[in-house]
Amino acid sequence: MIDLRLLREDPDAIRASQRARGEAESAVDDLLRADEEWRAAVQRFEALRAEQKQLGKQMPKATGDEKAALLARTRELSAEVKAAEAAAAEAEQALRRAQLAIPNLVEEGAPPGGEEDFVVLREVGDKPDIPNPRDHLELGEALGAIDVERGAKVAGSRFYFLTGVGALLQLGLLQLAMAQAVEYGFIPMIPPVLVKPESMEGTGFLGAHASEVYRLEADDLYLVGTSEVPLAAFHSNEILTLDTPVRYAGWSSCFRREAGSYGKDVRGILRVHQFDKVEMFAFCRPEEAHDEHLRLLAWEEEMLAKVEVPYRVIDVAAGDLGASAARKYDCEAWVPSQGRYREVTSTSNCTTFQARRLNIRYRDESGRTQVAATLNGTLATTRWLIPILENHQRPDGSVRVPKALQPYVGGREVLEPR
RNA sequence: GGAGACUUCGCCUAGUCUGGUCUAUGGCGCCGCACUGCUAAUGCGGUUGGGGUCUUACAGCCCCUCCCGGGUUCGAAUCCCGGAGUCUCCGCCA
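So for the first sequence, this note's numbering puts the first residue at 2; every next one is plus one.
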């Protein structure tokens, strides 16, 4: 949710951001108009209300004719007040709608353009030289690690079982991520994966992502697509102490309908309806958000280094940012079977955009409440198994286990096909 | 699934039966001041949050806020209806 004070003081900043995203600048003018209409309506209502209260106060003291006259006037007035109140409420709704139509202000320095216009910040690690690489599914099936056939039998397409060493590898990976997060002061969290509509709404996932989200009709609950949702909503309607950033690491299953992705990435576990993830989530002061963002990115890269996988970091272009993000960095791991990089982490700086909607604030030095900034970043997911298996494969179909993961697979250095 | 109790300005709490004097009581905590050679203790004052308006800013003024949403009424913390949450008991299932 965009800041109305900023809108009033510097609408051109928002226009510029809209341009960078390739969004309509007219939305800014719509919002300006809605804001003015709302304020006018509020003032009308408040003036009438003040008069009504004034008269009401005289009631107990009044007697006889005086009382009858007062009654008649206030009766009339209360009808006007009711109408004015309804008008103000309607204007406020229109204002919210216009406000939600505008995505977050893009951070200065984000590359302009759309999906293809990302900037590669760096490539890290050497791509392995593997002639005729097997893909992760072939490797995983040979190792008895992944079973997509039975996944489909039991739950449908885009579902899978992680079996044997596959299950161990994932648990190890996520534990490794959790351990790293804890080492850096994150509070580990296992959140609910079913949330109320307001939590889904507050985090912005019922907007553009609405068709991606599973909904449980009978209970009016949503399955989260990321623990970002419960972690962000954790402090909704609260006033925090943010002398230093407050950081959480959430471990959860994530659920996605993948509605718009028919025929895309259908093989293996690259794009699935359910996966597990450790997600970093930070609340901090807005002036701290930029630095915090870079810290989250650094922690993601540290995790990627631990699993010894080559990757690159991209600076996502303005037009490809989510509505809440002011800036986004993705880490993409090298996938030998595809001969290209695929996204394995994503970290967004949402500045105050998400927190304003969730009403998450802090007190500054002067004791005033201010809107907090929120940021999120991926620390590990099921998808990481793909580059891990593929980059560490050997010609005989066995897979070397990165040192950091060996304790989780019984100390084995190599996983052999069954 | 059934029955009941509860939800008040950071925390605890009075007020709800009997609508207006609630511009919400008191305690704790916190902040400021005074006093005491320090600390402690004591005294005095302040302390919900959001919005509008005005302003360089502060202050001021106004509206909203007693879990949420409706309703009754000239007027609702208080009465009525619906919902959420917490707790207790019963039932059911482990």
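To be clear, the hints were calculated from the coordinates, so they are not data collected in a lab.
A couple of the hints might just be wrong.
Simulated crosslink set (EDC-like; lysine to aspartate or glutamate; CA at most 16 Å straight-line) [said to hold, decoys possible]:
| # | residue 1 | residue 2 |
| --- | --- | --- |
| 1 | Lys404 | Asp316 |
| 2 | Lys265 | Glu213 |
| 3 | Lys54 | Glu24 |
| 4 | Lys197 | Glu218 |
| 5 | Lys128 | Asp321 |
| 6 | Lys197 | Asp221 |
| 7 | Lys83 | Asp127 |
| 8 | Lys54 | Asp36 |
| 9 | Lys307 | Glu116 |
| 10 | Lys54 | Glu77 |
| 11 | Lys265 | Glu344 |
| 12 | Lys307 | Glu414 |
| 13 | Lys307 | Asp127 |
| 14 | Lys128 | Glu142 |
| 15 | Lys197 | Asp220 |
Distance ranges between label pairs, derived from CB positions [said to hold, decoys possible]:
| # | residue 1 | residue 2 | range |
| --- | --- | --- | --- |
| 16 | Lys154 | Leu195 | 18 to 28 Å |
| 17 | Ile131 | Leu33 | 50 to 60 Å |
| 18 | Arg34 | Ala70 | 48 to 58 Å |
| 19 | Ile131 | Asp220 | 39 to 49 Å |
| 20 | Ala70 | Thr242 | 48 to 58 Å |
| 21 | Pro113 | Ala209 | 39 to 49 Å |
| 22 | Glu67 | Ala25 | 29 to 39 Å |
| 23 | Ile131 | Arg268 | 15 to 25 Å |
| 24 | Ala73 | Glu47 | 36 to 46 Å |
| 25 | Leu195 | Ser262 | 50 to 60 Å |
| 26 | Tyr263 | Glu47 | 45 to 55 Å |
| 27 | Glu417 | Asn133 | 15 to 25 Å |
| 28 | Arg40 | Leu217 | 15 to 25 Å |
The C-beta atom is built at its ideal place from N, Cα and C for all residues, glycine as well.
Hint check:
1. Note on Lys404 and Asp316: the hinted pairing is violated, with a Cα-Cα distance of about 30 Å set against a maximum of 16 Å.
2. Simply put, Lys265 and Glu213 have alpha-carbon atoms about 15 Å apart, close enough for the 16 Å limit, and the pair holds.
3. As the CA atoms of Lys54 and Glu24 are separated by approximately 46 Å, the hinted pair breaks the 16 Å bound.
4. Our distance criterion of 16 Å between C-alpha atoms is met by Lys197 and Glu218, whose separation comes to about 12 Å.
5. Our distance criterion of 16 Å between C-alpha atoms is broken by Lys128 and Asp321, whose separation comes to about 27 Å.
6. This hinted pair checks out: Lys197 and Asp221 have alpha carbons roughly 7 Å apart, not beyond 16 Å.
7. Proposed proximity of Lys83 and Asp127 is contradicted: the alpha carbons are some 70 Å apart, above 16 Å.
8. Restraint check for Lys54 and Asp36: not satisfied, since their Cα atoms lie roughly 27 Å apart, outside the 16 Å limit.
9. Note on Lys307 and Glu116: the hinted pairing is violated, with a Cα-Cα distance of about 29 Å set against a maximum of 16 Å.
10. Taking the CA atoms of Lys54 and Glu77, the gap is near 13 Å; set against the 16 Å cutoff, the hint holds.
11. Taken as a hint, the Lys265 and Glu344 pair is honoured in the structure, with Cα atoms around 14 Å apart against an allowance of 16 Å.
12. Our distance criterion of 16 Å between C-alpha atoms is met by Lys307 and Glu414, whose separation comes to about 15 Å.
13. For the hint pairing Lys307 with Asp127, the CA-to-CA distance comes to about 14 Å; that is within 16 Å, so the pair holds.
14. Between Lys128 and Glu142, the direct Cα distance comes to roughly 23 Å. Violation of the 16 Å bound is thereby established for this hinted pair.
15. With a CA separation close to 9 Å, the supplied pair Lys197 and Asp220 stays within the 16 Å bound.
16. Evaluation of the 18 to 28 Å hint for Lys154 and Leu195 yields a pass: the beta carbon distance comes to about 25 Å.
17. As the Cβ distance of Ile131 to Leu33 is approximately 57 Å, the hint placing it in 50 to 60 Å holds.
18. At roughly 41 Å, the beta-carbon separation of Arg34 and Ala70 lies outside the given 48 to 58 Å, and the hint is violated.
19. Range check, Ile131 to Asp220: about 48 Å between beta-carbon atoms, so the 39 to 49 Å window is met.
20. The supplied range of 48 to 58 Å is met by Ala70 and Thr242, whose beta-carbon atoms lie about 55 Å from each other.
21. In this structure the supplied range 39 to 49 Å is violated for Pro113 paired with Ala209, their Cβ-Cβ distance being about 20 Å.
22. Look at Glu67 against Ala25: about 58 Å separates their beta carbons, and that is not inside 29 to 39 Å.
23. Checked against the hint of 15 to 25 Å, the C-beta distance between Ile131 and Arg268 comes to roughly 18 Å, which is consistent with it.
24. Here the CB-CB span from Ala73 to Glu47 is close to 23 Å, at odds with the stated 36 to 46 Å.
25. One distance hint, 50 to 60 Å for the beta-carbon pair Leu195 and Ser262, is violated here, with the actual separation near 23 Å.
26. Taking 45 to 55 Å as the suggested C-beta distance range, the pair Tyr263 and Glu47 conforms, at roughly 53 Å.
27. With their beta carbons about 19 Å apart, Glu417 and Asn133 fall inside the hinted range of 15 to 25 Å.
28. In this structure the hint that Arg40 and Leu217 lie 15 to 25 Å apart at CB is violated, the actual value being about 40 Å.
In summary, the numbered hints that this structure violates are 1, 3, 5, 7, 8, 9, 14, 18, 21, 22, 24, 25 and 28.
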